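Q: Can you make the complete structure from the sequences, with help from the hints?
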Amino acid sequence: MKVSLEELKNRQLIESSYEDSSLAENLNFKLKKPINIRFSLALSSDLISFNLAAEGTAVFECDRCLEDFDYKLGIDESSTIPLSDFGESIDITEELRQNVSLDLPVKKICRENCLGLCPVCGKNKNSENCGCKNTAPSEEGRINSKFEKLKNIKF
Numbered sequence: 001m002k003v004s005l006e007e008l009k010n011r012q013l014i015e016s017s018y019e020d021s022s023l024a025e026n027l028n029f030k031l032k033k034p035i036n037i038r039f040s041l042a043l044s045s046d047l048i049s050f051n052l053a054a055e056g057t058a059v060f061e062c063d064r065c066l067e068d069f070d071y072k073l074g075i076d077e078s079s080t081i082p083l084s085d086f087g088e089s090i091d092i093t094e095e096l097r098q099n100v101s102l103d104l105p106v107k108k109i110c111r112e113n114c115l116g117l118c119p120v121c122g123k124n125k126n127s128e129n130c131g132c133k134n135t136a137p138s139e140e141g142r143i144n145s146k147f148e149k150l151k152n153i154k155f
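Just so we're aligned: the sequence shown equals residues 1 to 155 in this note's numbering.
Only true hints are included.
Straight-line C-alpha distance at most 20 Å; calculated EDC-like pairs for lysine to aspartate or glutamate:
hint: 1; residue 1: Lys108; residue 2: Asp68
hint: 2; residue 1: Lys125; residue 2: Glu112
hint: 3; residue 1: Lys72; residue 2: Glu61
hint: 4; residue 1: Lys9; residue 2: Asp46
hint: 5; residue 1: Lys107; residue 2: Asp70
hint: 6; residue 1: Lys123; residue 2: Glu61
hint: 7; residue 1: Lys72; residue 2: Asp103
hint: 8; residue 1: Lys33; residue 2: Asp103
hint: 9; residue 1: Lys32; residue 2: Asp70
hint: 10; residue 1: Lys9; residue 2: Asp91
hint: 11; residue 1: Lys125; residue 2: Asp63
hint: 12; residue 1: Lys30; residue 2: Asp68
hint: 13; residue 1: Lys30; residue 2: Asp70
hint: 14; residue 1: Lys30; residue 2: Glu94
hint: 15; residue 1: Lys72; residue 2: Glu112
hint: 16; residue 1: Lys30; residue 2: Glu61
hint: 17; residue 1: Lys108; residue 2: Asp63
hint: 18; residue 1: Lys72; residue 2: Asp20
hint: 19; residue 1: Lys107; residue 2: Asp63
hint: 20; residue 1: Lys33; residue 2: Glu19
hint: 21; residue 1: Lys2; residue 2: Glu94
hint: 22; residue 1: Lys2; residue 2: Glu77
hint: 23; residue 1: Lys107; residue 2: Glu25
hint: 24; residue 1: Lys125; residue 2: Asp68
hint: 25; residue 1: Lys72; residue 2: Glu19
hint: 26; residue 1: Lys9; residue 2: Asp85
hint: 27; residue 1: Lys32; residue 2: Glu67
hint: 28; residue 1: Lys32; residue 2: Asp103
hint: 29; residue 1: Lys123; residue 2: Glu112
hint: 30; residue 1: Lys33; residue 2: Asp70
hint: 31; residue 1: Lys107; residue 2: Glu67
hint: 32; residue 1: Lys30; residue 2: Glu67
hint: 33; residue 1: Lys133; residue 2: Glu148
Hints are computed from structural coordinates only; laboratory data are not their basis. Quick caveat, the model's predicted, so the values are computed rather than measured.
A: Below you can see the structure in the form of structure tokens.
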């Protein structure tokens, strides 16, 4: 969403709210429903006071067990920006994209104690106990590794 600087100069204060679902596509994640966004822009002399709040629920795949889980997005950002930093309009979408990007987890883990997948049989260890030994498969197992012979090298 873009806001005209001319309109801001005329009104001095612009407040708005809307929903956006396209942001998730640009940042490669799914949403349960569109993100709720609220913002205000206030002009005072040569400065713009910018307030942005957004909430939503993203859906990620856990890096350990590959199950989907919900992640609460919550942004509350305030800043003061010189009027000279903008051309004819202010792009709220770009500010939102940057803030949501910073709010996303680097490691996407469904819960702290997630056990992940069994390296032998591939079952989700959070759901069931597979009974496999907690070691990687050998040549006798299901995976034949090209690097198996490197285990015997002594330094």
